[in-house]
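Grab the two chains, each in its own frame, and use the hints to assemble them into the complex.
Protein sequences, first through last, are from chains A and B. Under the working numbering, the first residue of the first sequence is numbered 82, with each subsequent residue one higher. Under the working numbering, the first residue of the second sequence is numbered 371, with each subsequent residue one higher.
Just so you know, the hints here were simulated from the structure itself, not pulled from any lab data. The reader is advised that the hints may include incorrect statements.
To be verified - Under 10 Å between C-beta atoms, here's a sample of chain A residues computed to sit facing chain B:
(1) S111
(2) S112
(3) Y116
(4) E122
(5) P124
(6) N179
(7) F180
(8) V181
(9) F182
Small disclaimer: the values here were computed from a predicted structure and weren't measured. We put the CB at the ideal spot given by N, CA and C, even for glycine.
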Amino acid sequence: TQLLEQSPQFLSIQEGENLTVYCNSSSVFSSLQWYRQEPGEGPVLLVTVVTGGEVKKLKRLTFQFGDARKDSSLHITAAQPGDTGLYLCAVINNYGQNFVFGPGTRLSVLP
Amino acid sequence: EPEVTQTPSHQVTQMGQEVILRCVPISNHLYFYWYRQILGQKVEFLVSFYNNEISEKSEIFDDQFSVERPDGSNFTLKIRSTKLEDSAMYFCASRGGPEAFFGQGTRLTVV
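Extracted from the complex, chain B is given alone in its bound form (with noise of 0.2 Å):
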């Protein structure tokens, strides 16, 4: 069965470093998502893309984030200079039709 995966699993990283989470979708998948949930809180929205664009964005998803789809498979999402409050899963969806598939999710943790 078509799955959405994520790497890593988990990541470490020190306050102000850069961080870059990858997604694969499902592939004949159109819509793309990430959510960041912070530990025993709900699922945030943070960006949604298609068509090869940024079709809408969260007060969440400023200047230090940013998404691509480099090679038509992967779909990334960079942090440019971490803070501890991001310390969070990010999930990554897919949706082709009325449903979306999440991912198993990455957990940040910044120090």
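Next comes chain A alone, as it looks inside the complex (with noise of 0.2 Å):
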């Protein structure tokens, strides 16, 4: 089994529509980080939350820390073709020195 589940696993909408996408898991962490990731490149740091309800923007981009500290969310408000992408969420394993990632949610914003 995955520590971390993501959903949805592919999304395509237009641009301009608002979406979230989900990171879920039935661990509790310390802290938990979000990357994007284009075709043929490195997985992007985005953020990383840390306390439980937790908030972060970053632009048209909202990361909330579930206050359980087991789930996080991603929402995008006017979603933009440059959007697009693998959106992954990852986590240091309860063995603190592994850092796992989640399948991943693909995102494509079609102009």
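Okay, structure coming up:
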């Protein structure tokens, strides 16, 4: 079983629409990271959330860490074609050393 | 801004040949990772390295794979006898705190 689940797996929307993607687990984490990956490139860190219930904003992206620190959401307002990519959540596993990714949400924003 | 660098960016090799993928992590980081991503698929963990030894490895990381930190700066992944199914993007990452930073990857093509 995967430590992290992400939904939806794929999402295709029109420019200007809003969307939310989710990262879920049955485990509790001290922090959670969101990355975006574009084709042929490495994952790029977007944000780290640490406190239960924390909300962080990065321009049109809003990240929330669940109160119980088991899940997180990423909301994009007025999506643009430049938002297209693979969105990955990641955590340090309970053993404290391995850095684990979810399977990702592949977002396509059509002009 | 410090970054993780990987070389080469692209490597083509014949099946059965040995390849060495190189990474220069961020200098004050203590945890190092290799991941693999087959085209269009998820980012798969290969191995983590801490305190000059492997701390965790996945089922993918079999006897054909090895890692080294030969000189305190470089971090290498060696595949002893490449197979067609080793064709993928290989990403190196390093971590000092909760966040991991990734290189741009090496695209390995086994023919």
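Minimum beta-carbon distance criterion (10 Å), V181(A) to chain B:
With a minimum Cβ separation of about 7 Å from chain B (threshold 10 Å), the hint on V181(A) holds.
Going by Cβ atoms only, is S112(A) closer than 10 Å to chain B?
4 Å, holds
Would you check whether F182(A) satisfies its interface hint, that is, whether its CB is within less than 10 Å of any CB in chain B?
Hint on F182(A): holds, closest Cβ of chain B at ~5 Å, below 10 Å.
Can we keep the S111(A) interface hint, with Cβ of chain B closer than 10 Å?
Holds. Min distance 7 Å.
Interface hint for E122(A), Cβ within 10 Å of any Cβ on chain B
Cβ of E122(A) sits 6 Å from chain B, so the hint holds.
Does Y116(A) meet its interface restraint, that is, does its C-beta lie within less than 10 Å of any C-beta in chain B?
8 Å, holds
Tell me if the interface restraint on F180(A) is satisfied: Cβ within less than 10 Å of some Cβ in chain B.
Because about 5 Å separates F180(A) from the closest Cβ in chain B, which is inside the 10 Å limit, the hint holds.
Answer holds if the nearest beta-carbon of chain B is closer than 10 Å to that of P124(A); otherwise answer violated.
Check passed: Cβ of P124(A) comes within 5 Å of chain B, closer than 10 Å.
Given N179(A) as an interface hint, is the shortest Cβ-Cβ distance to chain B below 10 Å?
5 Å, holds
Going down the numbered hints, you'll see the structure goes against none, and every one checks out.
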